[in-house]
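A.B. asks: Residues per chain are reported as follows:
Number of protein chains: 2
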Amino acid sequence: MSSLDALFRPRGVAVLGASTKELSIGNRVVRNLRDAGYTGGIYPVHPGETTICDLPAYAAISDVPGPVDLVNIALRADRVPDALEACGRAGVRAAIVHSSGFAEAGPEGAALEARVLAVARSHGIRLLGPNAQGVMNGDLDTRLYASFTFTPLAAGPVTILAQSGGIAELMNLHLRRAGVGLRWYASPGNASDVDLSELLAAAADDDGTRVILLDLESVRDLAAFRDAALRAARDKVLLVVKSGRTAAGARAVASHTGALATGDAVLDAVLDRAGALRMPSVQAAVQAATAFARQPLPRGRRTAVVSNAGGPGIVALDEACALGLEPASPDDATRAALKASQSPYATVGPLVDLAATAGPDAFRAALSMLLAAPEVDGLVLSMVTPFFVDCDGVADAVVQAAAASDKPVVANVITDARWAGVVDRLQSGGIPVFEFPEDAARAMAAMARLAAFRARPPIRGTEGLVDAIRVQAALQRAVPGPDGWLSQADAYALLVAAGIPAAAVVPLSTPGDLDIAARTLGFPLVLKADPVGLVHKSAAGAVVLGIADLASLARAAASLRERFPGAPLLAQRQVSGGVEAILGVVVPAPGVPLVMAGLGGVSVESARDVAFALAPLDAVAARRLPDSLRGRDRFDACPGGEPADLDALGDALVRLSLLASVLPEVREIDLNPVAVLPAGRGVFALDVRVRTAGMGEMGTASDFRKSEAVPIFAGRRAP
Amino acid sequence: MSSLDALFRPRGVAVLGASTKELSIGNRVVRNLRDAGYTGGIYPVHPGETTICDLPAYAAISDVPGPVDLVNIALRADRVPDALEACGRAGVRAAIVHSSGFAEAGPEGAALEARVLAVARSHGIRLLGPNAQGVMNGDLDTRLYASFTFTPLAAGPVTILAQSGGIAELMNLHLRRAGVGLRWYASPGNASDVDLSELLAAAADDDGTRVILLDLESVRDLAAFRDAALRAARDKVLLVVKSGRTAAGARAVASHTGALATGDAVLDAVLDRAGALRMPSVQAAVQAATAFARQPLPRGRRTAVVSNAGGPGIVALDEACALGLEPASPDDATRAALKASQSPYATVGPLVDLAATAGPDAFRAALSMLLAAPEVDGLVLSMVTPFFVDCDGVADAVVQAAAASDKPVVANVITDARWAGVVDRLQSGGIPVFEFPEDAARAMAAMARLAAFRARPPIRGTEGLVDAIRVQAALQRAVPGPDGWLSQADAYALLVAAGIPAAAVVPLSTPGDLDIAARTLGFPLVLKADPVGLVHKSAAGAVVLGIADLASLARAAASLRERFPGAPLLAQRQVSGGVEAILGVVVPAPGVPLVMAGLGGVSVESARDVAFALAPLDAVAARRLPDSLRGRDRFDACPGGEPADLDALGDALVRLSLLASVLPEVREIDLNPVAVLPAGRGVFALDVRVRTAGMGEMGTASDFRKSEAVPIFAGRRAP
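These protein sequences, in sequence, are chains A and B.
When the letters of the first sequence are read in order and numbered with numbering that gives the first Met the number 0, they come out as residues 0 to 718.
When the letters of the second sequence are read in order and numbered with numbering that gives the first Met the number 0, they come out as residues 0 to 718.
None of these hints come from the bench; they were simulated from the model.
Mixed in with the good hints there might be a few duds.
For identical chains, the list gives no copy identity; a pair is met inside one copy or between any two copies.
As the list claims (entries may be wrong) - Below, computed lysine to any residue pairings styled on SDA-like, alpha-carbon distance capped at 25 Å:
| # | residue 1 | residue 2 |
| --- | --- | --- |
| 1 | K536 | D53 |
| 2 | K338 | P279 |
| 3 | K536 | E579 |
| 4 | K406 | G348 |
| 5 | K406 | E48 |
| 6 | K20 | Y37 |
| 7 | K338 | P106 |
| 8 | K20 | A450 |
Here the structure is a predicted model, which is why all the values come from computation and not from measurement.
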């Protein structure tokens, strides 16, 4: 029994602010509850009415005869605290506050919202809102429509959880048009108590939910969201739409909900780890939900595309391939049998084009053979409805062939109202139907993406790899600067403690250190000055490369001392012959460290080709990070042509992720550049910057908001 | 009077193969002609029937009483030549052959198609097809529906020209749903006579066409297509959907039409020059057409986004910004007035959110003020239809505000059938209505993209810049190898003749040349071996960099002579300190040279960051080429931090484009790498390869198919 039971499965619902005025929220909620066939008691509450929407009305919540677990409140904002107080005394367990005029309206509203929350907490009432659209539960035992929207309730396997009520309605509307029903639906408005993370965690445990459509604008508690997403995507399909992707969008989100938008790259990393799909548009999300709700997952990407009109079939095939699906290649025997089953006008290639005259038998034969072929993981159908073909029969044949297979089939049907029966037959038979060929291909691609996520091995425990005691000791020995930055020497020591290879360094404090550096490091070597606060050493001329002998070393040291008086000097072994990468750690929220990998040099500056992953990583997950870079081919050829040591790169990433996991004080680590040498020769950090939380500021919001800017900046952003 | 008049404006239409069987093409065409209200005579022709679809039928074309300009032929393929012969004798001027079984069916069909074409030509009949879907003309004076599709004909400003009949129908269907009517419609099937380029050129001259939706799979004659596209996009809106973008899609196109797909990068270059918009999907194309058909072009990218539901408004704003639009920023006075005109719940930021309670007055005030603001170029509206608002009144207010402005307004309406009147009012009032907020933003972005195209200055004549006589002479002096490749020395000479700077070279033939090279070029210099057929010199070890003195030069020469016996050696001035680029010319079809620019080094190999443009270029157009690269930031900082010499780069591109324009023998030029030095210091080609047409092979198809592979490979391709 979830703590949100009173919200989704109440025994009775009272509506405070119920109204006889048809065009009011208080009227609409009563009507929606009634029209949806809610199985519990519906109790309109109004001081002056005796009947509302043909139901007996009550003067006060205390007058309601039956048990009331949930109230919908559609009163003026300033009247909400007292009303909720009365509800608490009457034993109400959950409240949906539709009223606006709270935190979204300014400081006075925020104070009022705090009062409402305090009242709720004092009575143990779970609060959805204020400024909330409401809740639905399509379960036939409940049929709860506690919201003021207009799309009728139909039962089904899809749960909609949406920060925006408008997006929730848009999703529900188009799900319904696609013939797919609803399990849960909730839009929590200001979310002062129940928020999307808690709703998501509850949906994760709900047996009736198969697919979750999640609309996000911002995430308040990233760790809670991460945990809920990991849990939800384990057994359900989690499809996420995120607003505030662009700078203007993020500003609009801020003024819309008063919250900071969550960095896109951070969200991508969380969703990737969870195995949730981030969808590029509301339409794409709803269309994918339709497919997931109706069809099994494909086992792979090999997709047969069948059409009775070449052009739309090619468009579907094109889009499928552009999204990473592969055209299925059945063996010669299957292709021959398929060709033999069709008219001479049919072509059997990457597109199986049955030609416009194909009837039920032709479709049945083609789909059955293709779905039975071991080289086919799924099937995309694009059909027009020629007036000289028995299209109803074609629809039945498609449904039968799909039902006899455990592989997914999705369809594009190009038709008009005269063939509505064709679409109905397909949809009733569980075949998702889309209007454009690209839509069908995109839905299949989403299914294949999820199948690929599901096929990944779980992250293996690698905690022992980094010695927690040793790295904690290294950090304790360090003396952070005023902004939390460690000196180069302390930062290198931390890397060494974690077993992350760095090019050897020798601090030059006394004249004798020159000799030590020369003997320890050999030539050529690199000399660096490390003045406090200098970030871009090379650009500032604080790095001298290619020092070939002791005399040059002494000259370079003198020159850097002159330019950067008082700055520590470090000699470092010069490493060359590798690919330049950048590795790092960012911590956008307490307890949520992310590891970053990117291509170094010009790429990180101009192309921002970096990828993020949630810590901790294991070796397999770490390898996916460089693989996800646009410029990943660069690792195929070090100078000289050998492939780069991606195993060593992966090991360094795993160690970085563990370092960040065991050191909550760490805010940011930058290894830039890192030389990734040819396979077998390792990786070496050539420069390192580590920032820790300053004294007493650990975990404060301002600290984290500042560091959050890093992944937002570095993530994949639209131009 | 266009040569296609008989096709689009016939005085009478006969249907050969007309049939009383309802489910036949021959019946459907007669019915469509009749139901659409065709203003000319309709003459079903059938040897045994006297009446078809309530119209008198005739035994033969020679029996038809009235003038017949056009025939639709729906006979078995082998009967078409004789039937067409009879049509020719009867004075028919155009024929649509619906029948299939021609070139698309194999060699026998191809022979039959050649016979049909010969018959047509012998009688001066313009032929659409065979295997064609047909033609429509929505003009109220004509109302011609000479096709077997099902979407009813409505008059409007959009012309659909489609290689695929299925895509044509899909476009028409959704245009009609959006309340937008048709001007011309044609799908030419095998296009043995009238093809898409000729149709496009005709539509370019048609006053009734405002928007052209063009569906392409392949382009047979690239020069003809280029000319038609340039002409059509000058005064019309040309929206292009291209199939065969991916390898599998291209193979499917090949089996679909027997034609080679046209390289995507080539098409992009042609469309960019023409100012036509390539659309990412059929849906996006139709939606953009809806907007262009109804609304004026914006003057710029500054877009106001207005909503009555925050979430969908943010989604629209996000998508708008992701597509390059800018949120409009009205001045403080306007913002204050706007705020004052609204309820306290409204927010005025990058999104103007009027809140759900906003009624007609609120919408009227907001739209009027925003459309009047000089900082606003266009307006995207996203609205839900709350049941407590006068939504019909809102629709009327939106229509009135838009009508009073010369700026575009597009809308997303989230609603269901109960508010169909709202959508009708908006559409009748000329406001394009889309179901998802992203769609509205995308339509506005397409309009802004076209506005930006229209704002570009025309290409200025720069023919005098390159001395045609001089470059022709340089080419005549060259001795191409068996594959048409010039030697390094000849290739450098050609560059010099065109005024394209290359790092100075000295061929080393005799021992004395070492001294000459040293004196001419200075040190350090580069030594290269140039064996026949070697493409990747560096990888093969045929390049020695950084030769510091005469002795080293002699040693390097001896070593290269040993490794590459008989290969010419070239000494070259070593140029350093710039950004590495790659420039080039490809010629995908006779008379259609393209210029290419990309980032050099690893970028061209791993990221394929290259851009193409149609030759010739002027300085302004040439500058857009490096600007369109993903890694364009690289040009901002040469080693040392100075910006690169983009003026010199542009000049080299202009000269390359002119060189290619005046030398039709040139097939391919690669300048790779090119050192782009800091501003004011120029660009220098460091290696050059030039391929010319071999003897006697100029302009053969095989030659061009081979070279076409270059832009297909190098273009922006989906992963």
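A.B. asks: All hints, please: hold or fail.
C.D. replies: Structure-based check of all given hints:
1. K536 / D53: neither (77 Å within a copy, 88 Å between copies)
2. K338 / P279: For K338 and P279, neither the intra-copy (38 Å) nor the inter-copy (32 Å) Cα distance is at most 25 Å.
3. K536 / E579: This pair counts as both: shortest intra-copy Cα distance 16 Å, inter-copy 24 Å.
4. K406 / G348: within (20 Å within a copy, 48 Å between copies)
5. K406 / E48: neither (57 Å within a copy, 50 Å between copies)
6. K20 / Y37: within (21 Å within a copy, 53 Å between copies)
7. K338 / P106: between (71 Å within a copy, 18 Å between copies)
8. K20 / A450: neither (50 Å within a copy, 48 Å between copies)
When each numbered hint is compared with the structure, violations occur for hints 1, 2, 5, 8.
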